[in-house]
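> Take a look at the letters that make up each chain.
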Amino acid sequence: MARVLNEIGFVLHMIKLNLAGIMEYRASFVMQAVGMFINNGIYFVFWLLFFDRFQEIRGYEIEQIYLLFAIITLGWGLAFTTAGNAPQVAGLIAQGRLDYYLTLPRPVILHLLFSRMDAFSMGDLTFGVVAYLLTGRYDPLSIALFLLCTVFAAVIFICFRATAGCLSFFVGNATQWAGHLSQMMVTFSLYPMGLFQGTMRLVLYTLIPAGFVGAVPVEIVETHNPALVGALAGAALVSAAVLVLVFRLGLRRYESGSAINVNI
Amino acid sequence: MSAISVPQQRGQPRAQIGKYAAIMRINMQNSVAYAWDAAGQGIFIVLFIFIFSQLWRATFAAQDATVIGGLTLNQTLWYFVWAELIELTKIRVSFTIQDEVKDGSLAYTLGRPYNYVLYHLFSGLGAVGIRMIVVLVFGAAIALTQVGPLHTFRLETLPAVLLITLFAFLLDFCFSAGIGLLAFFFEDTSAFRLIYQKINFVLGGLLLPVDLLPDAVQSVARVLPFNLILYGPSKLLVAWDSAQFAQILALQIVWLAVLASGVALLFRFGARRVSINGG
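From first to last, the protein sequence lines are chains P and X. Counted the way the working numbering counts, the first sequence spans residues 1 to 264. Counted the way the working numbering counts, the second sequence spans residues 1001 to 1279.
Do not take every clue at face value.
Pair ranges (Cβ atoms, derived) [said to hold, decoys possible]:
(1) X/GLY1148 to P/TYR138: 46 to 52 Å
(2) X/ARG1057 to P/VAL151: 54 to 60 Å
(3) P/THR187 to X/PHE1060: 19 to 25 Å
(4) X/ILE1133 to P/VAL151: 43 to 49 Å
(5) X/ASN1115 to P/GLU61: 34 to 40 Å
(6) X/VAL1254 to P/THR187: 33 to 39 Å
(7) P/VAL203 to X/PRO1214: 32 to 38 Å
(8) X/VAL1258 to P/ARG253: 53 to 59 Å
Just so you know, the hints here were simulated from the structure itself, not pulled from any lab data. Virtual Cβ for every residue (Gly too), placed ideally from N, Cα, C.
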């Protein structure tokens, strides 16, 4: 237990340092965050226009879209504001730049993931909060479940992105494919899950767990179903276990780039 | 009688055209070597068209309609194939220009005998052809499996659609180059890039054909140039209309003149800020 608390403290300390780092370039940080906020807002407008014309699609109305966007953007924002290095994993492995993390007495995967912060994701964080305000669900239980779901969604986002990055251990430079997979997951998650049936639906709850970062949290906040909370927590745990397993297996194949790096 | 061949002088129109044609040809050859890279974009078009087919199938069913916004389900899906094709294969020059401005490598090109922006345009155009073919194969394959061939396709209108598509690429290039050149004035231009991309999604007709937008939004979208990049060519492909073709082409030419002038001015002002130290 003491070790877990110790590592949590370590992660929090890195987040604090990363935040101080990006605040050095304050104007750029604000511009990126605002840019992402507007970016999300414009995408959101699509659904407003769509539902303005068609009202309902496979059980989803605009209220569910507000909630879906709130969960996904806040989850994504939490994920990459804190673990901003997850999208870099594929590149770092391919370039043989894990040496820096391997030589330090900290869990490699934690250190690797949390040693960078993505300023863009701050825009997602704020957008998620604003989108939730539009849902009108202000009762404490809904808010608590919403926040809990976004934490689980963030864990799944981080683990999926990093696991996809680990493909670089096995197939060479997988930077592009890791990006594609991550993009696929978020794209599917932003649509009502009722649109997808059969094998596709199975894929979206297993290989590309888009259902667990969008549709399941929406249902949890709407129905307060404890079984679904358990399922979501389980999905987050499985995602983390898969990441650790794949990373450990991959590390055996890792070849150093012998590059001298200085992480500032 | 034999003519004495005189080497083309720099600045002569033929020499100028030959120079940029050579840039385009070289990049076309390069793009053949990297054709498999376009497969990544191919996967995206499959993803989007698959999602759109599910979404629009459900929408047509929910509305119990065979035509929405003047298009059948078959036309709607092929509309998205062409719009996504343009979106995924267009010349993404803003990152390159931003990096060249930021790391100073732009300074090395200023003394070379070509126009910096035109160089990027022709090198980008050279790479577009092969990419379009690869992505279209993926897009057409998924559309064929979902809704079959485009019922309203007319081969004789294809050259006109391709012409409008070429102008769409040029218009988009102006936006992209302009965003990249903003790096002269801003440290990072990613935010502008994201916003431009998403404006195209909504007002350009990538996610929803412009005809389906509410009247007020539609009237705004139609006076802005974004619909001329995605909506215009895609709509003409699936529902050809000679009058609309002439109107779109005229508007594209006008906007191209305006945007190209803007880019030229931006480059001129920006280049003044370049300072070269050492070698």
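> All hints are to be evaluated individually against the structure, with a verdict given for each.
Now the hints, each set against the structure:
1. Look at X/GLY1148 against P/TYR138: about 49 Å separates their beta carbons, and that is inside 46 to 52 Å.
2. Checked against the given bound of 54 to 60 Å, the beta carbons of X/ARG1057 and P/VAL151, roughly 35 Å apart, lie outside it.
3. Hint check: P/THR187 to X/PHE1060, Cβ distance near 21 Å, so the stated range 19 to 25 Å holds.
4. At roughly 45 Å, the beta-carbon separation of X/ILE1133 and P/VAL151 lies within the given 43 to 49 Å, and the hint holds.
5. Judged by the Cβ atoms, the range 34 to 40 Å given for X/ASN1115 and P/GLU61 is violated: they are separated by roughly 52 Å.
6. The hint said 33 to 39 Å for the Cβ distance between X/VAL1254 and P/THR187, and at roughly 35 Å that hint holds.
7. For the hinted restraint 32 to 38 Å between P/VAL203 and X/PRO1214, the CB-CB distance of approximately 35 Å keeps it satisfied.
8. Taking the beta carbon of each, X/VAL1258 and P/ARG253 are about 55 Å apart, inside 53 to 59 Å as hinted.
Checked against the numbered hints listed earlier, the structure breaks hints 2 and 5; every other hint is satisfied.
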